[in-house]
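Guided by the hints, dock chains B and C onto chain A, whose structure is given.
Chains as they are written, first to last, in the working numbering: chain A, 1 to 657; chain B, 1 to 170; chain C, 1 to 296.
No lab work stands behind these hints: they were computed from the structure. Ideal Cβ positions, reconstructed from N, Cα and C, are used throughout, including at glycine. Among these hints, one or two may not hold up.
Claimed, not checked - BS3-like cross-link-like pairs, simulated, lysine-lysine; straight-line CA separation at most 25 Å:
(1) C:Lys-146 to A:Lys-350
(2) C:Lys-53 to B:Lys-106
(3) C:Lys-204 to B:Lys-14
(4) B:Lys-106 to C:Lys-146
(5) C:Lys-146 to A:Lys-468
(6) B:Lys-162 to C:Lys-204
(7) C:Lys-53 to B:Lys-163
(8) B:Lys-106 to A:Lys-398
(9) C:Lys-52 to B:Lys-11
(10) B:Lys-163 to C:Lys-204
(11) C:Lys-218 to B:Lys-21
(12) C:Lys-53 to A:Lys-350
(13) A:Lys-468 to C:Lys-171
(14) C:Lys-171 to A:Lys-398
(15) C:Lys-171 to A:Lys-342
(16) C:Lys-88 to B:Lys-163
(17) C:Lys-171 to A:Lys-350
(18) C:Lys-171 to A:Lys-352
(19) C:Lys-218 to A:Lys-488
What the hints assert, rightly or not - Per label pair, the in silico range of CB-to-CB distance:
(20) A:Asp-469 to C:Glu-241: 27 to 37 Å
(21) B:Val-113 to C:Asp-36: 51 to 61 Å
(22) A:Ser-514 to B:Ala-54: 50 to 60 Å
(23) A:Pro-551 to B:Leu-64: 44 to 54 Å
(24) A:Phe-270 to C:Glu-132: 28 to 38 Å
(25) C:Lys-133 to B:Ile-149: 43 to 53 Å
(26) A:Thr-603 to C:Glu-132: 33 to 43 Å
(27) C:Glu-39 to B:Gly-144: 13 to 23 Å
(28) B:Leu-64 to C:Asp-99: 44 to 54 Å
(29) A:Glu-254 to C:Glu-132: 46 to 56 Å
The chain contents come next:
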Amino acid sequence: MSDVRIGVYVCHCGKNIGGVINPAKVAEFASRLPNVVVSRDYMYMCSSPGQALIEDDIKKYNLNRVIVAACSPRMHEPTFQAVLKRAGLNPWLLQMVNIREHVTWVHEDTPDKAEEKAKELVAAAVARAAHLYEITTEKAPVAKSALVIGGGIAGIRAALDLANAGIKVYLVEKRQSIGGKMAQLDKTFPTLDCSKCILTPLMVDVARHPNIEIYAYSEVVDVSGSAGDFKVKVKLKPTYVDWSKCTGCGLCVEKCPGRAPSEFNEGLGFRKAIYFEFAQAVPRKPVIDPRYCLWFTKGICRVCSKVCPVGAIDYEQKERYVELNVGAIVVAIGYEIYDMSKMVEYGYGKFKNVITGLQLERLSDADGPTKGKILRLSDGKEPKTVAIVLCAGSRDEKHVKYCCRFGCAAALKHVYYIKHSVPDAKVLIFYTDVRAFGKGFEEFYQKVRSWDDVYFIRGRPAEIFEDKDGSLVFDVYDSNTGQLINVKADLVVLESAVVPPKDWEPLRRLLKVSCDPGGFALELHPKLRPFETTADGIFLAGTIQGPKDIPDTVAHAAAAAAAAIGFLLKGYVESVPYLATVNEDLCSGCGLCASVCPYDAITIEEKEGRRVAKVNMIRCKGCGTCAATCPSGAMQQNYFTDTQILSEVSTLAGGAK
Amino acid sequence: MSLDVKLIDKKVLKDVIELVKPHTPQYCYQCAKCTSACSTSKVLPEYKPHLIVALTRLGLIKELLNSGIIWACSECWKCAEYCPQDVAPVEVVIALKNLAISMGYKPPEDLRVMAKNVVELGYISPPIEVLSKEFEMYSRATLGLPQLIKPYINVEAVNNLKKFFGGVYE
Amino acid sequence: MSKFLLFLGCTIPTKQYAYEISVRNVLPRLGIELVDFPEAGCCGFPLKGINKKGWMYMSARILSLAAKKGLPILALCNGCDTSLRKVKDMLKHDEVLKDEIAELLSREGVKLNFNVDVYHTIEVLHDFIGVEKIKSLVVRPLKGIKIASYPGCHMLRPSDIPRPEPSGEPKKFDAILSALGAEVGYYPDKGGCCGATMLPYSPKHAFRLTAAKIRNMKDFGFQATTTSCPYCMEMLDSKQEAIRAELGDDTLSIPVFYITQLVGLAIGLKPKELGLNLNLSPVEEVLERLGVSLYE
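Looking at chain A on its own, in the form it has when it is part of the complex:
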């Protein structure tokens, strides 16, 4: 082969490496290996002088391969690649040898053997370096548009930030109005702001923003393409109302005789068969629910079409589809409340006066089924004794294993609701740990526990029973006072566990996003990259990544938007250097590679009368599965070719010389 001139640099990494082995000896050993022109050791190779050492040597000794024996490439490969670039070399002529995580950090007890291992690894790298070649990456343009799936506060924040950066945003929401869970809340903690008052201006901003197009009552049904160039198919569900004609006057809703349980009110109270999601809905357009509409179920009525002044009712409306082309996707589909009827012992679903925290929000909301009065559901009377049960279903191996994160703060807020509506109510909060971690939370907790007739009891009810008058009776052991308390409560509020949306699995698979053990979207790194995924171009905003309260959701969504903006405004996507490459002379077109590619990056194509594999350079993520599968060796992976790997293996097998 042509003149291979290798420079070897062995790092001490302070005491991390130098404290276990002798880097100078390793460097000395390397200097005697074939093709090695210069071999040094240094305290901190990644430092400025360390890097300068390499850069100077490249120029002085006309090096065309550089080996750095130091920490993991995941730490500093980019650092040293930058050095090569500065010195005018292709960055992929760098080979790092991990003598820290793989040698000195794990073999502290046997330093002699560790040093031998370091030498062997360096020898293998030297053999491999001879087979390294220049790698260049390809660029492809990126569509300057984004899809935001989910119109809750996370989706709204992300959409606004993206739109303000000049990016065209398509916001898809499965309900007929944006707003999400935050629209269902009465107030927000700890400031006790009216939730809709701070939310609806943002909803209007979204509606009026020239860069945002809302697809409400719609769902994403197909995603193809790759980062920078996604093709998304959206299904617009039939609303049976022509929204382009509808003025939102509401006459149809007023006159409709149909009745259905209200989803927005969490099953409390009723709505009509044709209905707005809520009064401040955006878009403020009604939808007919055919399950409850008298025309659809019995063939009678049609009052709505009779009274509509603009003739917007269209019972024949069919579902429609649109195809969108976007560069990035932000997943902001939120969370759901755990089905508390699964905790049979608490009687939710059986006993009328056992409700969830979210249902209490609906009772407390002035727009809710009881016009803001907190009343018992069984008889409409004011509850004089209210029990709030924290951790209902959470931190429970049999139900939901993790903490819901905002239950404690929500409970404090709920105490406020109850005392505000029924000032002489006795409120008992049954807790195990109070997690008041956020800004202003401790102060709020302090205030609440000082209120009249409010009691914090460290205990957890095991079973809840119903008395003849609809009140709930149960025992709770108070571990603070060591007493078993016999509780009789008019109303029991369960601060319930929180789970990912139960039907998000198909969407998740379409996007190729992994999930964590709780079923939430898996982030790229829990500490450093919580709003990105392993799927390029797909970002996570809000509680779909894990339970969080509104401030954390907004911060998370803004971060996702910022990352998406950075990705889109760069203007291009770059192929990974570890690309799979096809030697068409060897390829028989068997198609095994295409069948195992997790990124759908390989197609088999006709070329000059033969069939050969073709790799999409942007879709390929360099996982190596195809190269490992290819029976003929036609498929090779840049930086991990068979020759390169085998040269290391045979050096290691033959022993360091």
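What follows is chains B and C alone, placed relative to chain A:
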């Protein structure tokens, strides 16, 4: 009266963990839901399953075993059913009972009699005559029920039973 | 499935005779063939506090003997049913335990085999005979009588092994009672404990637990209660008078039946065929309403 920290030891918990596998008493976060549920605790307030688990986790079981209160467990299994961390306090109590016996403690008299009966007769009690509503005494025979045979006739079977239960009544 | 090994456990064949009498007279009339299992003996559940392995050995032995006979087991007692199923589950998942028990059994010439199905009275009535069939055979409906089903702890828990009532509530039990024409309903702590296991420690405290159940049933307007467990029956029925004395409360009085006694009554059997003269609670109150004399 305070407790010397040197007395806190994990050996008891480790032994109990082996005996109650796959349940996980080491995960208890003392929510005391078990004690809220406990049937025995409702009539005998000194009996608190969460406290028994807490003492076990610290290895402080001497006084607990001396008191004999672990034999009060009604084995209703509510604690295990409702525990959010699969601690299964009832299983911890059963393990403590077994440990106590191996340490020489004796169970309540009635249980000792049951053990003796099982080894000698194969049932926890011999067949008795019962009084009916009309103040007549009835036995299996006079009720027309088939005669009972001794279930453990094999010598090795009886030896097995003696091995397990012999210690408590001899 | 209609042929079962009749597993009586300890308490039924030595004391709670009414359960055995009513089962032997009722189930065959509903199409169930019962085969005697006299070599079974005690399931060991009451002794697990003394030696857990001893208990497992005893139940494993019963499973193995049944497997040899090639028939499923009908366990009448809630405790026996739980015991056999729990030990079966433990043997399935613990190889070391399985080997130990197998060795013990081999000493007496029994091969360990836990591949046998275990069922309980309520399952046989509800799942194998079925409420429709029971309903069709009812000639003396328990009309107008509000009966509190008392499942007992071990019909419901622990729910990580198969239970006769898997939902945590006695739905099958109440369905059977409804098929008999009785009125069923809710009362607090339906799944609560009768206290029988507390008897060796302190009968007084055990009585208080039972008393609380009877109190709930009375407060919620029930005229009778029924159970499928001889231990629960012992507390609710046999010890009812002692409970009244201990609590000093004469209103703690309620007729208590075995479920099979109620089924028998509804399908037209005579009280003597159901061992009803052995019930110590005021069962005549219910029999009167059905126009039946206790001594028929």
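Quick rundown of the hints versus the structure:
1. Under the criterion of a C-alpha separation no larger than 25 Å, the hint pairing C:Lys-146 with A:Lys-350 is consistent with the structure, at around 20 Å.
2. About 18 Å separates the Cα atoms of C:Lys-53 and B:Lys-106, which keeps this hinted pair within 25 Å; it holds.
3. Our distance criterion of 25 Å between C-alpha atoms is broken by C:Lys-204 and B:Lys-14, whose separation comes to about 35 Å.
4. Our distance criterion of 25 Å between C-alpha atoms is broken by B:Lys-106 and C:Lys-146, whose separation comes to about 45 Å.
5. Restraint check: the Cα-Cα separation between C:Lys-146 and A:Lys-468 comes to about 16 Å, which is no more than 25 Å; the hinted pair holds.
6. At most 25 Å may separate the alpha-carbon atoms for a hinted pair to count; B:Lys-162 and C:Lys-204 exceed this at roughly 31 Å.
7. Of the supplied pair hints, the one linking C:Lys-53 and B:Lys-163 holds, its CA atoms being roughly 11 Å apart against a limit of 25 Å.
8. Taken as a hint, the B:Lys-106 and A:Lys-398 pair is broken in the structure, with Cα atoms around 36 Å apart against an allowance of 25 Å.
9. A hinted pair counts as satisfied when its Cα atoms are at most 25 Å apart, and C:Lys-52 with B:Lys-11 qualifies at roughly 20 Å.
10. The hinted pair formed by B:Lys-163 and C:Lys-204 fails the criterion: a straight-line CA distance of about 33 Å is larger than 25 Å.
11. Straight-line distance between C-alpha atoms of C:Lys-218 and B:Lys-21 comes to about 41 Å, which puts the hinted pair past the 25 Å bound.
12. In summary, the hint linking C:Lys-53 to A:Lys-350 is not supported, as the alpha carbons are separated by about 41 Å, beyond the 25 Å threshold.
13. Between A:Lys-468 and C:Lys-171, the direct Cα distance comes to roughly 21 Å. Compliance with the 25 Å bound is thereby established for this hinted pair.
14. For the hint linking C:Lys-171 to A:Lys-398, the alpha-carbon distance of about 22 Å falls within 25 Å, and the restraint holds.
15. At most 25 Å may separate the alpha-carbon atoms for a hinted pair to count; C:Lys-171 and A:Lys-342 meet this at roughly 16 Å.
16. Between the alpha carbons of C:Lys-88 and B:Lys-163 the distance comes to roughly 22 Å, so the proposed pair stays at or under 25 Å and holds.
17. Taken as a hint, the C:Lys-171 and A:Lys-350 pair is honoured in the structure, with Cα atoms around 14 Å apart against an allowance of 25 Å.
18. Under the criterion of a C-alpha separation no larger than 25 Å, the hint pairing C:Lys-171 with A:Lys-352 is consistent with the structure, at around 20 Å.
19. For the suggested pair C:Lys-218 and A:Lys-488, the alpha carbons sit about 19 Å apart, so the restraint of at most 25 Å is met.
20. A hinted range of 27 to 37 Å holds for the C-beta pair A:Asp-469 and C:Glu-241, which are about 32 Å apart.
21. B:Val-113 and C:Asp-36 have their C-beta atoms about 27 Å apart, which leaves the hinted 51 to 61 Å range violated.
22. The hinted window of 50 to 60 Å between A:Ser-514 and B:Ala-54 is violated, with their beta carbons roughly 39 Å apart.
23. Taken as a hint, the range 44 to 54 Å holds for the pair A:Pro-551 and B:Leu-64, whose Cβ atoms sit roughly 47 Å apart.
24. In this structure the hint that A:Phe-270 and C:Glu-132 lie 28 to 38 Å apart at CB holds, the actual value being about 37 Å.
25. Between C:Lys-133 and B:Ile-149 the CB atoms are about 34 Å apart, so this pair departs from the stated range of 43 to 53 Å.
26. Between A:Thr-603 and C:Glu-132 the Cβ separation comes to about 60 Å, which falls outside the hinted range of 33 to 43 Å.
27. Between C:Glu-39 and B:Gly-144 the C-beta distance comes to about 21 Å, which sits within the given range of 13 to 23 Å.
28. One distance hint, 44 to 54 Å for the beta-carbon pair B:Leu-64 and C:Asp-99, is violated here, with the actual separation near 33 Å.
29. In this structure the supplied range 46 to 56 Å holds for A:Glu-254 paired with C:Glu-132, their Cβ-Cβ distance being about 49 Å.
Hint violations for this structure: numbers 3, 4, 6, 8, 10, 11, 12, 21, 22, 25, 26 and 28, all remaining hints satisfied.
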